Amino acid sequence: MLGRDRLPAALPALVLGALALSGCARGGSLPPLALRPQSIPYADTLPIHEPEEREPSEIWPLIRESTVGELGQPFDPDDWIYRNEALNLTHFDEVVNSAWFEHRITQRDLTAEQMRLGPTSLEGRPSPPYKVTRLKGAGISPGLWVEDGKGDIYLFKFDPPENLYLASAANTISNRLFWAAGFHTPEDYLVTFGQTSLVISEAEGAPTEEEVQEVLQKTAPLADGRYRAIASKLLPGTPKGPFRFRGTRKDDPNDYYLHQNRRELRGLYVVSAWTNHVDMRFANTMDVWIDPPGYLRHYLQDFGATLGSGTVRPHNPREGMEYNFDAWAFLARLPTFGFYHAGWEGKEFEVIDPSIGWLPVASYEPGAWKPNWPNAAFRSATVADGYWGAKIVVRFSDRLIRAAVEAGELPDQRAADTLTSILIARRDKTVNYWFGRVSPIEGVLVECTDASGPGFGVRFDDLGVAVGARYRSNTRYEWELRDEGRGRHWKGSSRAPGAGPARLHVAPPGAADACRAGFATEKPSSGHTDVSAERLAVLRIRAEKLGPTTTPRPRPANVYLFWISDREGYAVIGLEH
Amino acid sequence: MGWKTKRHEAHIKTAPMFGYFSSCDCSRHTSCYPSRVVAGAWLVVFALLIALPGALHAQAGDSIPARFAAEQARDSVPQERGGPVSPDSADKIRALLRRPPASHPADARDYVGLPLGVAMLPLRMLAAGISVAAAGISQLLPEAEGPNIYERMVEWGLEPSVESLGYNAGDGIQLRLTRFAPAFIEGAASVIQAPGAAYVAFGLTTKDRMTDAGAKFRRLTEAQFWGVGIDSQEDDKSNYEWEQILLGGIWQAKVSDHLSFNSAAGWETNRTGPGQNDDLPDIRETFDPDSLYGSLQVVNYVVAGTKATVDFTHIDILQPRGVRFIGEAFYYGGTGSTDSDFLRLQGEVQGYIPFNQRQSFALRTLVETNPGWGQGVPFYYFAELGGDRDLRGFTTARFRDRDRLTWTVEWRYEAWRELQDRSRAEWFVFWDSGTVMPSIGEITSFRNDWGFGLRFATQTGPGAHFFFAWGDEGFRFGFRLISDF
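Chains as they are written, first to last, in the working numbering: chain A, 1 to 577; chain B, 1 to 485.
Simulated from the structure, these hints should not be mistaken for laboratory data. Heads up, a few of these hints could be off.
[Claimed, not checked] Okay, the calculated bits of chain A under chain B, using three or more residues with CB under 8 angstroms as the criterion: (1) 256-268; (2) 315-322; (3) 412-424.
Please read all numbers here as calculations on a predicted model, not as lab measurements. Yeah, the Cβ is synthetic: ideal placement off N, Cα and C, and Gly gets one too.
All chains should be built: construct the whole structure from the sequences, respecting the hints.
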């Protein structure tokens, strides 16, 4: 997966690494990030003609991703030389709000109450009587389509009888987590009801009493005789079919970027890994026609197979470790005569708790996690996308995670505490992994210029230190300035300061650190339209851990600087991880 | 962590300016999406229309004149908007938007990638083939969308299956029409192994399908023959046509969980003629027809016999375990002008010894003898060696003689398992050895081969498999849709 831990995938890279085209630096033949146009907020919400509903077959995409996609990866030059970065970015390596993604936890502090509610509302809760209008069609969990007392339509889905709470709790919790992360999700409510609350619609096509009883027999009542279900409210708009993680939707002129090049969909890998959403695939997405004004909004839905739940059973230890059909693992077993065993194979396992299922911490590897089916956007993801996703995950504080778990209404406090602890531990592993793969610097500012000489001071926040992925005492910053317009090519390094934001003195070798106070600090800005390559300088900063380490060196961050000649100084105009 | 930007907040503040969303309560995050989204879209449109011309004409001065141009433009969006933007006018706006490229531009990698992709196409296609079978398309089909095509066919009364085409032929696809039960009509044709092999049959069957009675016409237009004996030469390959009409019935009985019988009785007539493969000589040109009983005359038999299976195997989470004994005795008595009677006796032992849940040994040995009287055994009823079931490195029925001895050792190990243990795929490496001879006491030499393959198994036992085998006549690829071992 993203961690590039597979040997077969690495071999061609080793062989052909020497052939890597020198001009094919990160970004390929695209201009540097700061010289490209930026993605535009909500540009994909302009009106379009109403598209047809589509239900394309998922079989061939899944087979394609499982075989040609997986086996072809080592033979794909895209992977040998470099991996293409996401394209729908701002100059500061971020995404903008769109029909795909809405900044929530990343740009504001959510309260515990907001987290508990997620996309739901108090007034939106289903209220009895529940009129059954039809049986649930697709999917593996038993369910009923229901019209509540307010006239709203919900899909009621039930837990497996041996694991009451399992799927409904996982669905509710993950629904809140993905919503807070910024993705569009349906309003999923937990409901408990007695059989007397269920009435069967008299409309044509409604199920019979026996058919409804048959559905209820696939679950089991709680101790008080009531049934518990997840009530997923009908999406606000007209469903137009799921979206794919590769290509674009041809009848949506707003669908501009190839999906596998979208940062949100690539970074979704990290959130999915954290929450063990192994079923993140086409079938669990939906394009919804929002009219007015008339555009497609892209939803993630059905979170029953997340956390420790496999919807109708607890997750199997293989899930998250290997695809349903893992072409490389499949082939790797041939020459080993069956003596090659992945870690999950042949081991008996017991669920953590019947209501939690199987959600490992020790064996969870954030960069090697795999969904059940390969996903083109996930496979295209780079460490920059991983870091972006981890920046979302790190925003989930212990308090917010606990609030999300509370929304799942697990049967007892012990189960809730256990699941909270697991999610916290997985969050920390996720963040430590991805923050260690890049140089996680943010908020870069040119702080001052030297009183004598061309040097200048730079200040930034090191998120690796901030989240505890590295200690200040063993952090070193290696930097390199390239400014072709002024013929500057300087290098240097410094240790992290004992406190406060990190600072670098960027100057020729031997120059004294003589920052001139009073220089107007330039706020990071992305509005420069007159930036040309002659006035662009790149400051490459690598934040790394001193001493022996088993992880690869982190990728340096590129800070794009704009030369302001009348001030004889630079302003930060872009940042790329 | 202070990397929050103000842009998002700006959108929220300006959202209520548009009348039809002004009732939206922006303190409630959920219900705010429409207003934010739409407001944002409008802002973008106005910002671009205002900012773009300015940006294009901006002087490259030192004071960065266009800084925050987009933000300033947004701030100065007029409070009134014009008429609604239609999808068509939105197209024009979309064409004006300056956005990052939608995909990565072509570069040097494309020049490397194209020839490489073509070169790797066979591998990719093979991989696709493997996984289509492994993943099991039926498992990907939505479960609740009614029965699949196979089920619909069976429900209607047309049953597709894979069946053996019998002597000198491999497996074939069979279609059996049972819509007018108890009458049935069935037909089958070879898939790969025996070109021109096919049969049609009709008759009556009982409700439990344990007894069939009827007639069958079977024809092989290009059956191949290399001569008799284990030392027959590869260069002597020739072909013949074989037509057969059978009248009779079969009866199956399951006495207990471990013992079952398959019995058959009937009458048959056999005729051979020139093979229809013009690239190969006819057997009468290559061999002395007088030495091959059945090559010149029509041969009729009454047939009766039984096959008994003593089965102590069981499937333990998709893995066979235990031992199975199969004994077969059939008497062929010549009728009319046929001066030939013979007995076919066959014994087979299959053993499955698990190493663990994922690895196992599978062993099989088979001995066959065909004692005859009068003219003896027709050449097409000789014991056969080679093909997809035994001595897999050699062509189907490559060696023939009156008696046969063969054995196989396989090491089977799991390659893939469906999550709920409904099916799995296993690799296997094998070694086959065998011989044919005039009688058991006259063994002269053995032929051997080895290879590897992949087999798919379901809860009912092993099924389709393919293999690559190497014998002393070269390499052979084989594929079977059924597995009886």
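Going through the hints against the structure:
no.	hint	verdict
1	256-268	holds (count 4)
2	315-322	holds (count 3)
3	412-424	violated (count 0)
Checked against the numbered hints above, the structure breaks only hint 3 and satisfies the rest.
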